[in-house]
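Just so we're aligned: the sequence shown equals residues 1 to 910 in full-length UniProt numbering.
The set of hints was computed from the structure by calculation and includes no laboratory data. Treat the hints with care, since some could be wrong.
[Unchecked claim] Pairwise CB distance ranges, derived in the manner of DEER restraints:
(1) GLY140 to ALA400: 53 to 61 Å
(2) ASN265 to THR332: 23 to 31 Å
(3) ARG35 to PRO732: 52 to 60 Å
(4) GLY423 to THR332: 16 to 24 Å
(5) THR332 to PRO599: 54 to 62 Å
(6) PRO545 to PRO732: 23 to 31 Å
(7) SER61 to ILE631: 45 to 53 Å
(8) THR332 to ARG788: 28 to 36 Å
[Unchecked claim] Result set (SDA-like, lysine to any residue): computed pairs, CA atoms no more than 25 Å apart in a straight line:
(9) LYS528 to LYS609
(10) LYS424 to ARG403
(11) LYS50 to GLY86
(12) LYS424 to ILE383
(13) LYS663 to ILE527
(14) LYS628 to ASN758
(15) LYS726 to ILE766
(16) LYS571 to GLY506
Cβ atoms here follow ideal geometry from the backbone N, Cα and C, with glycine treated the same way.
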Amino acid sequence: MVDRWSRTVLIFAASFFLLFVHTFEQQILVSRPERLALIQLRSSLGLRAKDWPIKSNPCSSWAGIQCTNGSVTGINISGFTRTRRGSQNPQFSVDALRNLTLLSTFNASNFALPGSIPDWFGLQLPSLQVLDLRSCLINGAIPSTLGNLSSVVELHLSDNNLTSVVPPSLGQLVRLSVLDLSQNLLTGSIPATFGDLGNLTLLDMSSNFLSGAIPPGIGSLSRLQFLNLSGNSLSSSIPAQLGDLSSLVELDLGFNSLLGSVPVNLRGLRSLLLMVLGNNFLSGSLSADLFSSLSQLQFVVLSHNGFSGELPDVLWSIPSLQFLDVSVNNFTGLLPNVSSTAKVTAAFLNISLNLLYGRLTPVIGSFSLTDLSGNYFEGPVPIYAQGNTSLSRNCLQNVADQRIAADCASFYADRNLSFDNFGKPNTTQPTASPESKNKSHKSVIILASVLGGVGLLAIVVSIVVLLIVCKRKQVTTNQRGSGVGPVPAGGSSPPPGVLLNFSILGDAFTYQQILQAASEFSDANLIKHGRSGDLFSGKLEGGIPVIIKKIDLQSSLKKETYMSELELFSKVSHPRLVPLLGHCLENDNEKFLVYKRMPNGDLSSSLFKKKNSDDDSLQSLDWITRLKIAIGTAEGLSYLHHECTPPLVHRDIQASSILLDDKYEVRLGSLSEVCIQEGDSHQNRLTRLLWLPQTSDQSASGTPNATCAYDVYCFGKVLLELVTGKLGFSSPANATMKEWLEATLPYISIYDKELVTNIVDPSLMIDEDLLEEVWAMAIVARSCLNPRSTRRPLMRYILKALENPLKVVREEHASSARLRTTSSRGSWNAAALFGSWRHSSSDVAAAPAAISHKFEGANSLKQTGATGSQGSGQIGDGNGNGNSFSNRRHSKEIFPEPLDEHDVERGRED
Numbered sequence: 001m002v003d004r005w006s007r008t009v010l011i012f013a014a015s016f017f018l019l020f021v022h023t024f025e026q027q028i029l030v031s032r033p034e035r036l037a038l039i040q041l042r043s044s045l046g047l048r049a050k051d052w053p054i055k056s057n058p059c060s061s062w063a064g065i066q067c068t069n070g071s072v073t074g075i076n077i078s079g080f081t082r083t084r085r086g087s088q089n090p091q092f093s094v095d096a097l098r099n100l101t102l103l104s105t106f107n108a109s110n111f112a113l114p115g116s117i118p119d120w121f122g123l124q125l126p127s128l129q130v131l132d133l134r135s136c137l138i139n140g141a142i143p144s145t146l147g148n149l150s151s152v153v154e155l156h157l158s159d160n161n162l163t164s165v166v167p168p169s170l171g172q173l174v175r176l177s178v179l180d181l182s183q184n185l186l187t188g189s190i191p192a193t194f195g196d197l198g199n200l201t202l203l204d205m206s207s208n209f210l211s212g213a214i215p216p217g218i219g220s221l222s223r224l225q226f227l228n229l230s231g232n233s234l235s236s237s238i239p240a241q242l243g244d245l246s247s248l249v250e251l252d253l254g255f256n257s258l259l260g261s262v263p264v265n266l267r268g269l270r271s272l273l274l275m276v277l278g279n280n281f282l283s284g285s286l287s288a289d290l291f292s293s294l295s296q297l298q299f300v301v302l303s304h305n306g307f308s309g310e311l312p313d314v315l316w317s318i319p320s321l322q323f324l325d326v327s328v329n330n331f332t333g334l335l336p337n338v339s340s341t342a343k344v345t346a347a348f349l350n351i352s353l354n355l356l357y358g359r360l361t362p363v364i365g366s367f368s369l370t371d372l373s374g375n376y377f378e379g380p381v382p383i384y385a386q387g388n389t390s391l392s393r394n395c396l397q398n399v400a401d402q403r404i405a406a407d408c409a410s411f412y413a414d415r416n417l418s419f420d421n422f423g424k425p426n427t428t429q430p431t432a433s434p435e436s437k438n439k440s441h442k443s444v445i446i447l448a449s450v451l452g453g454v455g456l457l458a459i460v461v462s463i464v465v466l467l468i469v470c471k472r473k474q475v476t477t478n479q480r481g482s483g484v485g486p487v488p489a490g491g492s493s494p495p496p497g498v499l500l501n502f503s504i505l506g507d508a509f510t511y512q513q514i515l516q517a518a519s520e521f522s523d524a525n526l527i528k529h530g531r532s533g534d535l536f537s538g539k540l541e542g543g544i545p546v547i548i549k550k551i552d553l554q555s556s557l558k559k560e561t562y563m564s565e566l567e568l569f570s571k572v573s574h575p576r577l578v579p580l581l582g583h584c585l586e587n588d589n590e591k592f593l594v595y596k597r598m599p600n601g602d603l604s605s606s607l608f609k610k611k612n613s614d615d616d617s618l619q620s621l622d623w624i625t626r627l628k629i630a631i632g633t634a635e636g637l638s639y640l641h642h643e644c645t646p647p648l649v650h651r652d653i654q655a656s657s658i659l660l661d662d663k664y665e666v667r668l669g670s671l672s673e674v675c676i677q678e679g680d681s682h683q684n685r686l687t688r689l690l691w692l693p694q695t696s697d698q699s700a701s702g703t704p705n706a707t708c709a710y711d712v713y714c715f716g717k718v719l720l721e722l723v724t725g726k727l728g729f730s731s732p733a734n735a736t737m738k739e740w741l742e743a744t745l746p747y748i749s750i751y752d753k754e755l756v757t758n759i760v761d762p763s764l765m766i767d768e769d770l771l772e773e774v775w776a777m778a779i780v781a782r783s784c785l786n787p788r789s790t791r792r793p794l795m796r797y798i799l800k801a802l803e804n805p806l807k808v809v810r811e812e813h814a815s816s817a818r819l820r821t822t823s824s825r826g827s828w829n830a831a832a833l834f835g836s837w838r839h840s841s842s843d844v845a846a847a848p849a850a851i852s853h854k855f856e857g858a859n860s861l862k863q864t865g866a867t868g869s870q871g872s873g874q875i876g877d878g879n880g881n882g883n884s885f886s887n888r889r890h891s892k893e894i895f896p897e898p899l900d901e902h903d904v905e906r907g908r909e910d
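Hey, can you work out the whole structure from these sequences and the hints?
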């Protein structure tokens, strides 16, 4: 018995010893070259000693190191912080990885690696299965050698600055399951070789500059579950082969230039939960057969297209539907007279800005938040439509902000329908008989047929004429004053057709008063030679300090600009514009405008000032004052862009045009370049009509285009000057601006607050909370500097972001505030999808949150399980535009006042 017991103990002890030895061997790094490689990597990346202590065993004590049988198989440095010396010159310096031949996972997401991916990555890492380089500030092209990583299963390169084309060699990665190239600067087309990636479950190439057609071969990827190509410039039609993606859960093709109709073959997407096709040029009607098969849909976005016809009744009966946005189309017809079979509790319906008409029906009662604005609905508002529903710009009874009766009556008459005249007896017009209506209708058709060709030709000619007019540097003919007043005695008359009320343009000074005030325009009083005139300092009688602009009329251009400026002051008034005190128009060859002088000059001269006359040291503006200046400038531009009708464009926003009073309140100067935006909207309409290339911020003559987006771009440069303290880069004539931006923008990332400290003005004394505000302003600046004008935020939302900077970088919760995981691109682009929504930010935020929760399980695929890293965010750089709600969180409060329908129209033209 004893022997038997002894044998049992010995066997147990031997087994325990062997298990211990096996575990110990796994934890000890056996290979000396691999240990030296890790130490070299620790040095080249500047990793801290507390993360990788040099005297400890890497397999057991170094954070993020995984070993198997004594060899390094995994490295995870995601989110690590460099040492102070390492952060001074961060580079993509990982040559030591060459010696880790068994490395299967390398995760450096959210760790700055400025530089390009080396070519040897695809040649000397034969065992690599997971490569995660998200948000690493990588630039340059994707090496074609990555196509040699035959073992790779997941490749994450999103949210970087990768350029050039996508190498077709990536189609050789036949084991690839996840490919994420989103939020970069990639160009060219999607490689047709991607149709060979038979194991792919996620393909995200959103928010780039890709063009061309969607390769039909993608339809052969039978395992694909997530396809996101949004925020590019893809054209052509949606390939019918996408309907073969039977496993597809999410399809996001929004914000492209796709044409044609939605293929009926998409009915094969029976697993589809999310469909985003908004912001394209799709047209035609929607097939009822398509949506009868997509019974799993929860999220549908078809907004900002050219769809027509009636909305299929089956669309209202999808049992899982949570969000339906078909706004800004040409849908027409009646709402179905039955309620939806799906009784949801947190659903959105947006059918605004279409041609829908008739009575409101119970179908809208199935949605908790509804936007019906911009249609032609008539009749009383039922109880089920009196909650969280936007009803403006319709033909409804007893509701404010409706269309005028004539518009409603004309709309219904064109369709041989009767209009209820807002519930009032129609005594203004006799009721026409059906025969007379038919006769009149036929006459209209005949007349339209005869004159249609002539009318179309006239429209095209008119638009071309408007384009020619808009190319002029000043569009004074579009800014005629409405008042009629006397021209000062002895003065020259203004140009023909311009009638101004001079009584509201300040005092009429004599030439002698002007000479005396400016000390006869001595050189000592000269401030600078401006484009529209020379600026002199002066003092009026009584010691009032002023700035006098002297305009030489021998230049016809200056003649136009001074009259343009007078017209501007005759029509607009705002505390953010420099006050005009008066004028002197007596002389035929010289004119003078007199402005109130700002005690603190302009931003270029006030950001840094000498402490006193005896000391050459400089004192810089504190952060609170800088933020105040940014907000004040945004208020002035927001007034010009959104409160003036038509919108006005400043066109000369730079540090020298931002004037500061004694309390550092902003007054915008340099107003001679201001013109209306209307001309450029016609240009963009024609551009889209004829499919011409989109114009840049500069016209052919080199002068800035009259677009609000140009002002936004210039304002972004001013914001960076406030953050960095580097003056002079907001000037349009600055030749080094591009290089400066390329060196500065990589340090602005929504993922890493510490990065921005590399570019912050060293003279700023800021604590942790203020650093978050600086970080937020930098993110806003990057959004404004998007090279694609259509993706820059509107000024009213920039103003809201600057007024609430912490909401740009934080997500508020009831119990805590944590940093956002969304990229700036996603935050700014959120407004486009909810463009016409009019509810409060808290209401609007509910749906995306609910939808994000619904897709949380599906998104687990996007989380890199092998590495433990978070899924990537979406859209940014002050730019961009991906819109899938499933793999990114949207801003809840950056846009407290979403776009109204006028903004939607303007956004389509911008």
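Results of checking the hints against the structure:
{"no.": "1", "hint": "GLY140 to ALA400: 53 to 61 Å", "verdict": "holds (56 Å)"}
{"no.": "2", "hint": "ASN265 to THR332: 23 to 31 Å", "verdict": "holds (25 Å)"}
{"no.": "3", "hint": "ARG35 to PRO732: 52 to 60 Å", "verdict": "holds (56 Å)"}
{"no.": "4", "hint": "GLY423 to THR332: 16 to 24 Å", "verdict": "holds (23 Å)"}
{"no.": "5", "hint": "THR332 to PRO599: 54 to 62 Å", "verdict": "holds (60 Å)"}
{"no.": "6", "hint": "PRO545 to PRO732: 23 to 31 Å", "verdict": "holds (28 Å)"}
{"no.": "7", "hint": "SER61 to ILE631: 45 to 53 Å", "verdict": "holds (50 Å)"}
{"no.": "8", "hint": "THR332 to ARG788: 28 to 36 Å", "verdict": "holds (32 Å)"}
{"no.": "9", "hint": "LYS528 to LYS609", "verdict": "holds (19 Å)"}
{"no.": "10", "hint": "LYS424 to ARG403", "verdict": "holds (15 Å)"}
{"no.": "11", "hint": "LYS50 to GLY86", "verdict": "holds (14 Å)"}
{"no.": "12", "hint": "LYS424 to ILE383", "verdict": "holds (21 Å)"}
{"no.": "13", "hint": "LYS663 to ILE527", "verdict": "holds (22 Å)"}
{"no.": "14", "hint": "LYS628 to ASN758", "verdict": "holds (23 Å)"}
{"no.": "15", "hint": "LYS726 to ILE766", "verdict": "holds (17 Å)"}
{"no.": "16", "hint": "LYS571 to GLY506", "verdict": "holds (13 Å)"}
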